[in-house]
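Colleague: Sequence:
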Amino acid sequence: MNTLRGLEPADRLRLDTLVRRANTECQPAMTDFIGGGHRHINEALRNALPPDAAVQGFIDALAVMADYTVTSYRVSHITRTGLAALQRGHARRFADPGAQCAFVLPRNAAAWALRTAAASPRDGLCELYSIFDESVPQKNLSSALLADLVVVPPGTTLCLTALRFVVRAGAANAGRSRVVAHFAGAEPSDAARYDLFSGARHR
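Mapped onto my numbering, the consecutive letters of the sequence shown carry residue numbers 104 to 306.
The set of hints was computed from the structure by calculation and includes no laboratory data. Some hints here could point you the wrong way.
DEER-style ranges, computed between Cβ atoms [said to hold, decoys possible]: (1) ASN150 x ALA213: 22 to 30 Å; (2) ARG183 x LEU116: 35 to 43 Å; (3) ARG304 x LEU116: 39 to 47 Å; (4) PRO112 x ARG142: 33 to 41 Å; (5) ARG281 x ARG142: 20 to 28 Å; (6) THR172 x PRO209: 29 to 37 Å.
Glycine included, every Cβ here is placed at the ideal spot set by N, Cα and C.
Work out the full structure, taking the sequences as your base and the hints as a guide.
Modeller: Below is the structure:
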């Protein structure tokens with residue numbers, strides 16, 4: 104996935120800078136994650152399985168990755184109950200036990216989602232466009248392979264600040280809306296958290 108192809112000069116410079124500031128390629132656990140290991144790692148994290156060497160290696164390496172402190176974009180799929188949980192309230196808190204891959208450029212977020220969905224197709228899911236603002240803790244996983252990849256660490260608490268339904272253009276998308284959720288970082292609190300995928304309340 105070449106994320107530099109066809110970019111405007113300003114975007115290319117931005118991503119070049121991001122890659123130079125990253126230490127991704129010094130961490131084998133991170134290059135494994137990017138190369139396809141993210142599926143196994145996230146499945147283990149989201150199902151609360153005992154961490155194997157790959158999962159533990161990823162968790163350990165993530166702690167020493169460079170921080171990213173600007174807006175990022177993610178396209179993912181959630182259940183209808185997950186969507187209902189989002190619709191139930193502004194300022195509600197959400198979390199994903201897995202590592203949420205996001206991107207500096209929106210178009211690359213969409214391309215990643217298409218690849219992931221093709222690898223693990225599931226029916227009955229809703230497409231969610233997430234926008235993480237600069238207050239959300241994120242790690243810079245940029246590399247020569249994916250120049251604008253960042254990650255929201257597993258279990259990060261997110262505060263929903265806005266939810267929009269954008270009508271899609273084109274005859275093929277008639278009657279379909281795009282769900283766009285805006286998230287900020289959440290202050291420590293005893294307030295309930297909900298699973299971003301399923302909408303279930305976390306214990």
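Colleague: Look at each hint and say if it fits the structure.
Modeller: Outcome of the hint check:
1. A hinted range of 22 to 30 Å for the beta carbons of ASN150 and ALA213 is consistent with their spacing of about 26 Å.
2. Taking 35 to 43 Å as the suggested C-beta distance range, the pair ARG183 and LEU116 conforms, at roughly 41 Å.
3. For the pair ARG304 and LEU116, the beta carbons lie near 44 Å from each other, so the given range of 39 to 47 Å is met.
4. For PRO112 paired with ARG142, a C-beta distance near 34 Å keeps the hint of 33 to 41 Å intact.
5. Judged by the Cβ atoms, the range 20 to 28 Å given for ARG281 and ARG142 holds: they are separated by roughly 25 Å.
6. At roughly 18 Å, the beta-carbon separation of THR172 and PRO209 lies outside the given 29 to 37 Å, and the hint is violated.
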